[in-house]
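Asker: Residue numbers (my numbering), protein chains in the order written: chain A, 36 to 245; chain B, 36 to 245.
If you're looking for bench data, these hints aren't it; they were derived computationally from the structure.
We treat Cβ as the ideally placed atom computed from N, Cα and C, and that holds for glycine.
One or more hints might be untrue.
[Said to hold, decoys possible] Here are the simulated distance ranges between beta carbons: (1) T235/B with S40/A: 25 to 35 Å; (2) E220/B with P236/A: 51 to 61 Å; (3) I225/B with G157/A: 53 to 63 Å.
Number of protein chains: 2
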Amino acid sequence: MDIQSLPSRLLENAVQEMSSLPGVGRKTALRLVLHLLKQPREHVERFGASFITLRNEVKRCRVCSNISDEDTCSVCANPRRDHSAICVVENIKDVMSIEGTGQYSGVYHVLGGIISPIDGVGPSDLTFEELTARVAAGGVREVIVALSTTMEGETTAYYLYKKLHGYPVLISALARGVGFGDELEYTDEITLGRSIKNRTPFENIFGSKQ
Amino acid sequence: MDIQSLPSRLLENAVQEMSSLPGVGRKTALRLVLHLLKQPREHVERFGASFITLRNEVKRCRVCSNISDEDTCSVCANPRRDHSAICVVENIKDVMSIEGTGQYSGVYHVLGGIISPIDGVGPSDLTFEELTARVAAGGVREVIVALSTTMEGETTAYYLYKKLHGYPVLISALARGVGFGDELEYTDEITLGRSIKNRTPFENIFGSKQ
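Just need the whole structure built from these sequences, with the hints factored in.
Answerer: Set out below in structure tokens:
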């Protein structure tokens, strides 16, 4: 099927927008858009508006930078969570992953990325300052580094360790149940749950480098 | 990863809307929505608005029911097309498929579906009346039935033949190069192009049933 020339500029426009999504080719985009075209107007309006509303109205938790509808996310606002343990993750998907294991009762800190010179992401692009402020404010017993075990993740973890090891907190990392080179979000829940339970003091990992 | 409980109602809402698309599961929907969340606001607004605008503003050609930005589609408005030949198709995707072969210079008629008692689609749900009116108005030499060779397609074709065979037009069908049970939109262009060139008089197919 030739889908280079669509019979409508509006259709062409919608197909182009749909195919801007990662992993959605032009043929799939056309199929999805034609599906939408068959739906009632109210449905399509709800569909389109949901992304605009999300983008414009969703907030970042002022404590941990997790995604939230309120100024403070539901984890940070929960008095039954252990606020003396902070689990540092790359992004909000990782928060969902760890929450999904049901093994963790502390709070989080979302870095918003990892240090990656190739992608031009340095420490100042991430929420290290906010994390240091949280630790410096006191009441924090442990910082758990839960980053992917890739080169960038290890670099970020080491930077974090250097930045925090002057404070009276235990810095720990996920247990080495996570294989080297694995992406955190694709790790199964059992491995992930076990590795957050068996987290190990940072010295055991980076001790030789000091 | 457990994605049953998302940290934001707005996110949950957007993920639900995204997963309403055919073939998009909850996990894929989350990935796509998080991608959108990282885009600039203007991009997301353009994205969401494109589907709403398409749904609200796109028109059906008043002649052939094909999708169009104008009252009359670009095929029907083209004086160089052969307006004495009408190719009857199920939907607008089939128009694109046949246009893609570059083998057809006539015009189209989009039925908007096929007769399917199981899905509750009867002749009155489709544009048979409009087609009959076009043929009755005169100037039509040939009606080419280009429907999928499924049970429903054959039923629809036979209904159409019965409805039109009193008029002085040649009713033809796609050549039987299309295998029985094939969906039209997945047929390769060579087969489809050949079958519209070698279309055969209707009598040769349904003659024995009369």
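Asker: Run every hint past the structure and note whether it holds.
Answerer: Evaluated hints:
{"no.": "1", "hint": "T235/B with S40/A: 25 to 35 Å", "result": "holds (29 Å)"}
{"no.": "2", "hint": "E220/B with P236/A: 51 to 61 Å", "result": "holds (60 Å)"}
{"no.": "3", "hint": "I225/B with G157/A: 53 to 63 Å", "result": "holds (54 Å)"}
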